[in-house]
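J.: The chain contents come next:
Protein chains: 4
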Amino acid sequence: MCRWNAYFGQPVVVDELLFKTDHGLIDQSLRARMGVETTNGDGFGLGWYGSPDGRPHRYRSITPAWSDVNLRDLASHVESPLFLAHIRATTGTPVQQTNCHPFRHGRWLFVHNGVIAGFDAMRRELLLAVEPSLFDGIVGSTDSEALFYLALTFGLEDDPLGALERAVGFVEATGRKHGVEHPIQMTVGMSDGERLWAVRYSSERHSRTLFVSEHADALRKLHPDNPRLQRFTDEDRIVVSEPPGDLPGAWLPIAESTALIIQPGADDQRPFQPHWP
Amino acid sequence: MCRWNAYFGQPVVVDELLFKTDHGLIDQSLRARMGVETTNGDGFGLGWYGSPDGRPHRYRSITPAWSDVNLRDLASHVESPLFLAHIRATTGTPVQQTNCHPFRHGRWLFVHNGVIAGFDAMRRELLLAVEPSLFDGIVGSTDSEALFYLALTFGLEDDPLGALERAVGFVEATGRKHGVEHPIQMTVGMSDGERLWAVRYSSERHSRTLFVSEHADALRKLHPDNPRLQRFTDEDRIVVSEPPGDLPGAWLPIAESTALIIQPGADDQRPFQPHWP
Amino acid sequence: MCRWNAYFGQPVVVDELLFKTDHGLIDQSLRARMGVETTNGDGFGLGWYGSPDGRPHRYRSITPAWSDVNLRDLASHVESPLFLAHIRATTGTPVQQTNCHPFRHGRWLFVHNGVIAGFDAMRRELLLAVEPSLFDGIVGSTDSEALFYLALTFGLEDDPLGALERAVGFVEATGRKHGVEHPIQMTVGMSDGERLWAVRYSSERHSRTLFVSEHADALRKLHPDNPRLQRFTDEDRIVVSEPPGDLPGAWLPIAESTALIIQPGADDQRPFQPHWP
Amino acid sequence: MCRWNAYFGQPVVVDELLFKTDHGLIDQSLRARMGVETTNGDGFGLGWYGSPDGRPHRYRSITPAWSDVNLRDLASHVESPLFLAHIRATTGTPVQQTNCHPFRHGRWLFVHNGVIAGFDAMRRELLLAVEPSLFDGIVGSTDSEALFYLALTFGLEDDPLGALERAVGFVEATGRKHGVEHPIQMTVGMSDGERLWAVRYSSERHSRTLFVSEHADALRKLHPDNPRLQRFTDEDRIVVSEPPGDLPGAWLPIAESTALIIQPGADDQRPFQPHWP
Chain A
396 MCRWNAYFGQ
406 PVVVDELLFK
416 TDHGLIDQSL
426 RARMGVETTN
436 GDGFGLGWYG
446 SPDGRPHRYR
456 SITPAWSDVN
466 LRDLASHVES
476 PLFLAHIRAT
486 TGTPVQQTNC
496 HPFRHGRWLF
506 VHNGVIAGFD
516 AMRRELLLAV
526 EPSLFDGIVG
536 STDSEALFYL
546 ALTFGLEDDP
556 LGALERAVGF
566 VEATGRKHGV
576 EHPIQMTVGM
586 SDGERLWAVR
596 YSSERHSRTL
606 FVSEHADALR
616 KLHPDNPRLQ
626 RFTDEDRIVV
636 SEPPGDLPGA
646 WLPIAESTAL
656 IIQPGADDQR
666 PFQPHWP
Chain B
396 MCRWNAYFGQ
406 PVVVDELLFK
416 TDHGLIDQSL
426 RARMGVETTN
436 GDGFGLGWYG
446 SPDGRPHRYR
456 SITPAWSDVN
466 LRDLASHVES
476 PLFLAHIRAT
486 TGTPVQQTNC
496 HPFRHGRWLF
506 VHNGVIAGFD
516 AMRRELLLAV
526 EPSLFDGIVG
536 STDSEALFYL
546 ALTFGLEDDP
556 LGALERAVGF
566 VEATGRKHGV
576 EHPIQMTVGM
586 SDGERLWAVR
596 YSSERHSRTL
606 FVSEHADALR
616 KLHPDNPRLQ
626 RFTDEDRIVV
636 SEPPGDLPGA
646 WLPIAESTAL
656 IIQPGADDQR
666 PFQPHWP
Chain C
396 MCRWNAYFGQ
406 PVVVDELLFK
416 TDHGLIDQSL
426 RARMGVETTN
436 GDGFGLGWYG
446 SPDGRPHRYR
456 SITPAWSDVN
466 LRDLASHVES
476 PLFLAHIRAT
486 TGTPVQQTNC
496 HPFRHGRWLF
506 VHNGVIAGFD
516 AMRRELLLAV
526 EPSLFDGIVG
536 STDSEALFYL
546 ALTFGLEDDP
556 LGALERAVGF
566 VEATGRKHGV
576 EHPIQMTVGM
586 SDGERLWAVR
596 YSSERHSRTL
606 FVSEHADALR
616 KLHPDNPRLQ
626 RFTDEDRIVV
636 SEPPGDLPGA
646 WLPIAESTAL
656 IIQPGADDQR
666 PFQPHWP
Chain D
396 MCRWNAYFGQ
406 PVVVDELLFK
416 TDHGLIDQSL
426 RARMGVETTN
436 GDGFGLGWYG
446 SPDGRPHRYR
456 SITPAWSDVN
466 LRDLASHVES
476 PLFLAHIRAT
486 TGTPVQQTNC
496 HPFRHGRWLF
506 VHNGVIAGFD
516 AMRRELLLAV
526 EPSLFDGIVG
536 STDSEALFYL
546 ALTFGLEDDP
556 LGALERAVGF
566 VEATGRKHGV
576 EHPIQMTVGM
586 SDGERLWAVR
596 YSSERHSRTL
606 FVSEHADALR
616 KLHPDNPRLQ
626 RFTDEDRIVV
636 SEPPGDLPGA
646 WLPIAESTAL
656 IIQPGADDQR
666 PFQPHWP
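So the protein lines, in turn, are chains A, B, C and D. Residue numbers 396 to 672, in my numbering, belong to the letters of the first sequence in order. Residue numbers 396 to 672, in my numbering, belong to the letters of the second sequence in order. Residue numbers 396 to 672, in my numbering, belong to the letters of the third sequence in order. Residue numbers 396 to 672, in my numbering, belong to the letters of the fourth sequence in order.
The following block holds chain A by itself, in its conformation from the complex (with noise of 0.2 Å):
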């Protein structure tokens, strides 16, 4: 049960959507504060792209969010135009920081808020099925990992939905070959530096809810004084679990098994259809 957020755009500081946006992402971690009815405090990461060399930077904390001193100082200086962020709340996994989000693989950073149902029945059939050269980047123990690399061996690098839609497909399967009924639940974000994609799926067609921004142009019309949506521009996108409070009409609900591809240019989306095999 955890929240994410995602930005693609013009280089942002990351404490701009983290900390100065009203119910950004850090105050979700401590919701409780915001009469709601959920805490995620079992940990934080935050994975950013704007090295020469393409590759993701990452810093992963199993501090709550909100007290976190060290990212409030690492937030105020990380500038990025591409970049994930998680908030934990385990659905059992130990709170250390190898469970947390984003998982990373070379120039790949994947975020997951769901939960593979069953997932200590399966584990050992999820992991087996994980390619073995990729088997030793396994160093966590959540199901959100495991589905990270078993998307990884379907070919995420090369055809990243299509990999995507394999594994879950193969966890359906293997799930209900477990007798689990609805075998996943999920929000992913994921990304290679240069796109990023916005899945919202689940067994059961009740997803978790997922949004991303309106385009430039509508939100500045909503909001004509806020002063940091002039600088939006349509090129800039965000992805959130959960609307902050400060920018009511901004946000539209991604659809039901649906995958949003946010790319320089025009975005993309289709239907997500897991299938195995």
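No lab work stands behind these hints: they were computed from the structure. Treat the hints with care, since some could be wrong.
Example chain B residues on the side facing chain A (calculated, C-beta under 8 Å, incomplete) [as the list claims (entries may be wrong)]: (1) T434; (2) G436; (3) D437; (4) P459; (5) S462; (6) T485; (7) V490.
Among chain A residues calculated to face chain C with C-beta under 8 Å, some are [claimed, not checked]: (8) P489; (9) Q492; (10) R519; (11) D531.
Please read these numbers as outputs of a predicted model, since none were measured by experiment. Here a beta-carbon is modelled for each residue, glycine too, at the ideal position from N, C-alpha and C.
Model the placement of chains B, C and D on the given structure of chain A, informed by the hints.
T.: What follows is chains B, C and D alone, placed relative to chain A:
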């Protein structure tokens, strides 16, 4: 905005109260899961008596209590006739072990739920009033630890309630000098291993909640089917910031501006009247 | 390159061995202060017996043992007739609680000093050999935990040494398939709460050191003025990776490729001979 | 017993000095691996300049530097023309972030290697001498932070060396009143983002080591094959507690009781002469 529990009576294994009680203190650390408004994820502490030398043991951690694996193990083996447990929600001071309750001095343990309003501005003045020979024991940076050391300075070991009244009176006098209308808000639990004091007070006479368990007799009549209550005797007492959920009718509110003294034989109760000098 | 200690005998308070012994295990965690070549600052663990239900308790921490305030308090109150303590110096796997020893399964505790050479390359193969019903108990990422689960798979609970011989044999066979000349280096301590096994072995027959305390009688003669040794009986045994500094002459090296079985009555000893299959 | 490094010059990526230098600061945190006598595993801190607003950023952690995964990532992306890094070995005060160096106030960073002898006994007296308006900035419990706040009190921002001389003089006067023969031992690094001060002093005139890098010209002649030194210019300076291993002949000891001022143009150097009042 913390929460605390204390137990006095026949020896019990600590997890009876911390983990095995529905909506007990550990649940309250992550209370968002319970639909209530606050998270206490900024540290945990347990202090308990039972050692042959009379000195209390202590375990404190900055891991949120709900995910602290060591605490779960510890609580299942520590058996004690008198303990205090505290979950912290910082009002601004750093999340570090030295800021976690209970504070300890010799045989004494001290927990506090509340705040000294305007502490930043008067911290130096309060610390200067601490007896020089005690000063080096102050290793954290909270208002609560300052209050404890003021009470020690004003005679806690000889006259616990009188000393706490003088300490609170001094805080109120200092606060008012700084223009703070209501300088203190508190419930305090403290013990020397023989008695347990539970105090409810605030400058504005609108104090945080504090409850004590009913007499065993009443409890057994209320809950004839609860096996844990069959073992409960008239000598056993529980004090809680907020009642757990599984014993309706079992909790008596401690009155505003009142101190309860739990001890062998009959308990005692008296008005709590801070004054300075 | 870790260090461990184990104790078997009349109940003692744990800090007798951990803190109050000159150059004891905690000193060895920061041994640089002692002029020796290595630091073991990547985590600590203590597992102990004495609970009425026979199951071991455990405390593990990623704080270096020398500065762990909770450990100091814990060690002063835990009294136990049988415990294992371990300080970790990682050979590459993450510093996290789930990678700290002792590992635990039911009534069993397991500590390891050493390494599986080439573990990265054969990790998947070793994990696949673990009995599926046990697989979900693997929550960390170390070679040591894999070795423990292989031993469990091969019958540890019924035939502890035989199972460990098979597990080590399997690791050696797998390693050699991967071109590793000397796949394993180890001293292992394990217990079910009734007996304590201490094993010294390495593929190259040049194993890490391991010592056991002399019989009480010899100890008393050697150290007529040491009051702690006056309380030591013939039933009390200490096993150490490296002798503490204050009992010269008190330690017998355990021979290469040998298993020592410490138990009520006479101890036993036998060659340790891995084989596969 | 800490160690620190500082860099002043053309912007470099921090890990050039921290990780990529043989026996650099991170190696020194775990120096036992290098056969030397001490471990500095009680915390790490990095402060760096380069932000448009002139204020330094900071990252501090209680994880030993050698195993801090976030530090490794951070060091590979932070590029800065002026930074200070510090590894801590506590002389008794708690291992917590607020006790990690560098300390920061406005544009100032401050690191200290050494100790105020008898600090426990004179802590209260030193803290009382801190300017009341600065007092609330003291959030840790170390002698080093007290020294920094005394220097701030005595005018650090206007006259850095004069203020530090007065602060040290005050510490020496206070110490001697308490019967301490040699009250202070120190090397100090401090910066306002424009200059870097490196001071070596102790009451007994037998101070911890401190070195500064040779002029680039000399370095290039000494190491004609080292590509990193080809980029080094006469404006670039490194100050180290202890020389890294890969640049023999590159380090000039800073003389006893001396302050070095590193700045644009020619550096300066002068005697460091504490006095009080």
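J.: Checking each numbered hint in turn, tell me which of them this model violates, lowest number first.
T.: none
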